[in-house]
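Chains A and B, in that order, give the protein sequences.
Counted the way our numbering counts, the first sequence spans residues 1 to 271.
Counted the way our numbering counts, the second sequence spans residues 1 to 535.
A couple of the hints might just be wrong.
[What the hints assert, rightly or not] Only part of the chain B face toward chain A is listed, based on derived beta-carbon distances under 10 Å:
| id | residue |
| --- | --- |
| 1 | Val135 |
| 2 | Ala136 |
| 3 | Gly138 |
| 4 | Ala399 |
| 5 | Ile401 |
| 6 | Gly403 |
| 7 | Leu412 |
| 8 | Gly413 |
| 9 | Arg525 |
| 10 | Arg528 |
[As the list claims (entries may be wrong)] Per the computed footprint, the stretches of chain A lying under chain B, defined by three or more beta-carbons under 8 Å from a beta-carbon of chain B, are:
| id | segment |
| --- | --- |
| 11 | 180-193 |
| 12 | 227-235 |
Simulated from the structure, these hints should not be mistaken for laboratory data.
For each residue, glycine too, the CB sits at the ideal point set by N, CA and C.
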Amino acid sequence: MSPTLDLRASLGGEAAPGALESPMVEIERLSLWYGAKPALRDITMAIPKHRITAYIGPSGCGKSTLLRCLNRMNDLIDGVRMTGTIRIGGTDIHDPAVDVTELRKRVGMVFQKSNPFPKSIFENVAYGPRILGVRQRADLEAIVERSLRAAALWDEVEDRLGDPALSLSGGQQQRLCIARALAVEPDVLLMDEPCSALDPIATAKIEELMLGLKASYTIVIVTHNMQQAARVSDYTGFLLLGELVEFGVTRQVFTTPRDRRTEDYITGRFG
Amino acid sequence: MTAARRFWRSGEPFVWLTGGALALALVMVAGLVGIILVNGLGFFWPRDVVRLTLAGGRTVTGQVMERERVPGAAGQYRIKVKVGNRDLYGADFVWVNEADIQRRELPPELAVIERTEWGVLIGTITGLRDGDVLVARGPAAWTEAEQRLPEAIRLRRAIRRIEQVDIGAINHAQEKLRLELRRLELRGVTAGERVEALRGETEALRARYEMEAARIAELRARQTASLVVAADGGKETVWPLAQVVDVSFPNAMGPGAKSLHYAARVWEFVSDDPRESNTEGGVFPAIFGTVMMVMIMSVLVTPLGVLAAFYLREYAGQGPFVSTVRIAVNNLAGVPSIVFGVFGVGFFIYVVGGTIDRLFFAEALPTPTFGTGGILWASLTLALLTIPVVIVATEEGLAAIPGGMREASLALGATRLETTLRVVLPAVTPSILTGLILAMARAAGEVAPLMLTGVVKLAPSLPVDGAWPFIHLERKFMHLGFHIYDVGFQSPNVDAARPMVFATTLLLLTIVIVMNLTAVTLRNRLRRRYATAAV
């Protein structure tokens with residue numbers, strides 16, 4: 001385990017949150033524009049290793065954009081311009097020497113809408129390893145089992161790995177997507193509103209899963225659901241109009257927010 | 001609110017309107033298919049042969065084909081009788097007013113004799129001659145002829161095989177030698193060891209040809225038997241057994257025998273070569289040509305169309321230019337097919353084919369090899385014609401794949417190429433097959449461009465045979481669609497040929513349906529395998 005969190009340090013205001021923990025992702029003065037429209041303004045934060053960090057904020061505040069910066073998925077969108085630096089594990093991800101596909105193998109992603117490939121359950125999980133060049137059937141089987149177990153799906157699907165992934169229920173599909181992301185053994189797992197399309201029971205399963213996964217992965221989650229952020233996350237960042245209004249230990253952000261706007265949002269006065 | 005108004009507001013009339021439109025469409029399609037089915041399938045049924053005695057004592061013997069009201073005379077009907085015996089009467093059909101008929105009989109001894117020439121012969125077999133000697137007469141004549149017929153058919157086939165296969169091979173070899181000599185001549189070599197060797201080989205071939213010709217003559221000499229047949233009006237004809245394809249006695253046949261005969265004739269139709277300028281016999285070369293052309297076209301059009309669609313949808317930046325290209329591609333499907341045919345002639349045949357000839361087949365000039373219509377050029381022209389269909393279907397399939405699927409793959413560290421090949425392509429395959437189905441259906445039914453690019457009324461040989469290199473893409477070919485046009489409108493004997501038109505149409509429809517069903521089955525299997533959330 002990493003050193004225990006010093007709450008007072010976070011509450012002190014001067015020190016960056018999680019300063020006492022080793023950071024996995026460091027974002028420095030990040031700004032981003034879609035064409036001429038600014039989407040993120042001057043964001044600086046450090047995301048600690050083996051913790052769950054949540055981004056909250058009203059729709060269109062830029063939290064998904066910020067998340068997608070971390071595995072450079074925004075590269076795929078035309079007309080995106082960016083300044084500032086992002087370091088993951090100490091490496092600048094925009095360094096020309098960094099291969100974007102290598103980066104994405106280290107930074108896995110789970111999307112809002114579960115998006116399994118139209119293949120079998122097995123092939124979905126084996127997709128990443130196959131891309132990495134794993135050919136031996138036995139190796140693939142081991143990876144698939146390990147990933148499905150990690151995603152708490154193994155017991156439900158072990159006897160029907162050949163079935164189409166789309167025959168699974170919504171919650172199972174989302175856990176399959178998590179298993180698929182885990183199969184390439186990333187360091188960081190990005191989750192973009194992973195439970196927004198799920199019922200409460202499936203949501204509870206995923207949340208439980210996340211708590212189990214944080215021992216081995218650094219998780220960043222975007223959520224609309226503030227109870228979810230409060231339940232699962234260790235740190236919370238509140239974004240508004242592309243600005244990081246507040247970032248701190250979750251309990252502090254929810255109980256004693258330093259910014260008036262955070263308080264208004266959390267208490268439901270807008271958003 | 002009145003009841004009528006309430007009815008109108010309920011939306012019910014619109015339901016009726018839509019249902020009515022569908023019903024109308026279905027009725028028209030069913031009617032068309034029904035007409036084709038009845039006429040096409042009825043053609044092969046062995047109809048009874050009636051002997052009609054008319055007022056005045058004249059007899060007409062034949063098969064009743066049609067019955068219609070006499071124009072201008074109320075309540076009177078006339079029938080069209082197929083009397084055959086074109087060589088004796090000059091026409092295959094006569095119209096008979098029903099009012100004139102005094103007696104109708106169905107004598108069991110009336111025979112329908114299918115011949116290799118002159119259509120059918122209808123009459124009574126009265127004798128069998130061997131050379132000039134009458135071997136049998138009366139009922140015994142057929143008993144004797146029945147025993148000799150299989151041997152006569154075997155002989156005829158043997159002669160045809162020698163003519164087509166053995167002598168064909170010799171001709172082919174001779175032509176190759178001639179071209180070889182010509183090639184040497186073009187290089188300025190007119191004498192020497194090589195030339196002598198080639199001339200020697202040519203001589204050897206000529207000797208082999210003489211041998212084969214002698215074999216044919218020997219077989220022909222054995223074809224001595226002939227049937228004596230009595231027809232209406234006291235006419236008698238002596239017909240060589242060697243030219244008899246089949247003899248049947250429809251009046252004496254029960255339903256079982258008729259069904260067997262029916263099946264045999266259907267089989268002949270789909271498996272045999274055409275006879276008598278396509279109005280008799282089978283359509284096998286046309287079936288072969290149609291299927292082969294569609295297959296070559298599919299092989300050409302699928303990769304091209306799919307690649308183009310992938311570029312348009314996956315790589316090209318979406319903007320006014322790409323939209324224009326997309327509209328242009330869609331409109332290409334509306335260009336009259338004959339225009340594609342003209343393009344095929346002008347570009348593929350004259351430019352591409354002409355260049356190939358100058359570069360690789362100079363020794364055969366001025367006879368063109370690729371610089372004339374052929375199955376390759378016809379297939380290419382049709383591939384061009386159907387490419388919009390494949391592009392549009394593939395593009396729509398690509399658009400229907402959720403963007404999240406591509407993102408998921410990219411987020412796992414796959415490159416765009418890996419994403420395209422491993423995720424997008426499998427998911428879009430059903431749509432590609434849909435496009436291919438539409439393209440095949442269109443290509444199989446297309447005639448106009450083919451008439452310019454390589455279809456012929458009668459092709460001397462199939463595009464695939466035993467001579468190296470086995471597949472001859474430069475050859476002209478036969479096609480069912482063109483066959484329909486040719487038999488129906490260019491035939492010397494339209495009345496006799498008309499049932500063939502229906503039968504050929506039915507066959508073409510069947511082939512299109514079979515090809516489509518194959519593709520649909522494949523597509524559904526793929527769909528199940530790659531079932532997407534959207535489906």
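Item to complete: With chain A as the partner, please determine if leucine 412 of chain B meets the hint condition of a C-beta pair closer than 10 Å.
Response: holds, 4 Å
Worksheet item: With a cut-off of 8 Å between beta carbons, are at least three residues of the segment 180-193 of chain A near chain B?
Response: n = 3 at 8 Å, threshold three: holds.
Discussion item. Verify this for me: three or more residues of the segment 227-235 of chain A with a beta carbon less than 8 Å from a beta carbon of chain B.
Written reply: Our answer is that it is violated, as 0 residues pass the Cβ test (under 8 Å) against chain B, missing three.
Worksheet item: Against chain A, is isoleucine 401 of chain B within 10 Å by beta-carbon distance?
Response: Constraint on isoleucine 401 of chain B satisfied, holds at 9 Å.
Discussion item. Would the hint on glycine 403 of chain B be counted as holding, given a Cβ-Cβ threshold of 10 Å to chain A?
Written reply: holds, 9 Å
Discussion item. Holds or violated: the hint that glycine 413 of chain B contacts chain A, with Cβ atoms closer than 10 Å.
Written reply: OK, holds: glycine 413 of chain B within 10 Å of chain A, min 4 Å.
Worksheet item: Should the interface hint for alanine 136 of chain B be scored as holding, given a Cβ-Cβ cut-off of 10 Å against chain A?
Response: Status violated, d = 73 Å.
Practice prompt. Classify the hint on arginine 525 of chain B as holds or violated, based on whether any CB of chain A lies nearer than 10 Å to its CB.
Written response: violated, 13 Å
Worksheet item: Taking 10 Å as the limit, does the beta-carbon of glycine 138 of chain B come near enough to a beta-carbon in chain A?
Response: For glycine 138 of chain B, the interface hint is violated, since the closest Cβ of chain A sits about 75 Å away, which is over 10 Å.
Worksheet item: When the nearest CB of chain A is found for arginine 528 of chain B, is that gap smaller than 10 Å?
Response: With a minimum Cβ separation of about 8 Å from chain A (threshold 10 Å), the hint on arginine 528 of chain B holds.
Practice prompt. Against chain A, run the beta carbon of valine 135 of chain B and see if the smallest gap drops under 10 Å.
Written response: Since chain A brings no Cβ nearer than about 74 Å to valine 135 of chain B, farther than 10 Å, the hint is violated.
Worksheet entry | Interface hint status, alanine 399 of chain B versus chain A (Cβ within 10 Å) | violated, 16 Å
Figure legend: structure checked against the earlier numbered hints; hints not met, in rising order: 1, 2, 3, 4, 9 and 12.
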